[in-house]
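Enquirer: Chain order of the listed sequences is G and U. Just add 239 to wherever you are in the first sequence, counting from 1, and you've got our numbering. Just add 50 to wherever you are in the second sequence, counting from 1, and you've got our numbering.
Be aware that a few hints might be false.
[As the list claims (entries may be wrong)] Some, not all, of what chain G presents toward chain U, calculated at C-beta under 8 Å: (1) T307; (2) L310; (3) M315; (4) L326; (5) Q329; (6) I428; (7) P431; (8) L435.
I should point out that these hints are in silico values taken from the structure, not numbers from a laboratory. Virtual Cβ for every residue (Gly too), placed ideally from N, Cα, C.
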Amino acid sequence: MSHVSFSQLTLNGLWKNNPALVQLLGLCPLLAVTASTVNALGLAAATLFVLVVSNTAVSLIRSLVSDTIRLPVFVMIIAAAVTVTELLMQAYSYELYQILGIFLPLITTNCIILGRADAFARKNPLPTALYDGFIMGIGFGAVLVILGAIRELIGTGTLFADMQLLFGAGAEHWRWTVFSIDYPLLVAILPPGAFLVTGCLIALKNQIDTTLDRRARAQIEEPIAGSKRVRVTGTIS
Amino acid sequence: MKGLASIGISGTVLAAFAAITSLSIGWTYLRTEAQIEQEVRRAEARQLLEIFPAETHDNDIVDDTFSVAADTPLLGIRETREGYRVRRGENVIGVILPVTARDGYSGDIRALVGIRNDGTVAGVRVVAHRETPGLGDKVDLRKSQWILGFENRSLTDPPPPSWAVKKEGGVFDQFTGATVTPRAVILATRRALEYAASNNDVLFEIPADAS
């Protein structure tokens, strides 16, 4: 684990080991607040911030804390980071704070954060730990936002509605009505819709992985399985 | 002995971290406290000013409160909440009453009802609800203009029996797919008007012989 390159970390956080699609961690907020893009983005930003802060702090103190007490210490750090985030959001984005409500303090119990602290940050130096927190947060946030956008689009026919809650009054006209419907597809906004869309996203990711995998294997095998006339230049691995 | 020593060290480290994390929370709290209070007031004021726009009065509504006891008849509120007085010069030109409709489709609907001293509705705003997204949540002004339909209504316009959705012989629109939610809000508004009518003196501080 100690010689992880940044590109590997990036690939891990965004795709190969994506917290939401592969590790399936933190599903409670993922499913609960993704009824619209703005909610998803708000929670994504808060989670990202907490992940970076906790990974940084855990990495900094990794030599001070013995194994026996590491978990209570990590939990304290995470809880403090969440509380600070909550206070800041209350002060500078009050309406979004009201919308996210209980899911903000619940970030404390999001397994991704303790998971990254315990599995990665405590074994790695500051730059890698910080970057891991950042990229895992981005990976989680990206799924949140995609999920929120899909559900908002299917459920209400709009995209980026109410963005002024996050970006101030200038963002009011970002709202984009893709189509208007009298009978919205309610299931997309209600909790079951979250499961359905998440399931489809995971299936899509697995499908892409399988296709890529097959293509990669085909490239290797083709020259060997091909006709006698095939002339191979380069190396076969 | 070695065991004891390591427990001691662990305890000290834990205590140190508890102190550091508490301090950082405390520090942030102190730094954001004023800003948060301001935001809470601003959010509250924004809602009140939507009901009684700034040009209609000359007092600070947010500060001009009176408390309305829990279980006050007609208002339905479950805990003591605040009402607001709206003044212009010497006169109380209106009040904003807290109401709770307990007969919503999914839990309580909390709202503010603004009533002018002539008994007409200045505005109604739903402040908290858990109605079905896409159907019942059209009582929320962010989703639909429906709630504006109460403006300037009173107990004589329409008369009380017509305070109902059209489907049930009233004058107010229902939503496609939702009757329970609008009915709850309509009745809560009507009850607020009735409350204001029977407590006219107290609310608007008009001497009994003048009315």
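Enquirer: Please go over all the hints and tell whether each is borne out by the structure.
Expert: Hints, verified against the model:
1. T307: OK, holds: G:T307 within 8 Å of chain U, min 6 Å.
2. L310: Interface hint status for G:L310: violated (11 Å vs cutoff 8 Å).
3. M315: Check passed: Cβ of G:M315 comes within 5 Å of chain U, closer than 8 Å.
4. L326: Holds, about 5 Å.
5. Q329: Status holds, d = 5 Å.
6. I428: At 5 Å from the nearest chain U Cβ, G:I428 passes the 8 Å test, so the hint holds.
7. P431: violated (12 Å)
8. L435: violated (16 Å)
Checked against the numbered hints listed earlier, the structure breaks hints 2, 7 and 8; every other hint is satisfied.
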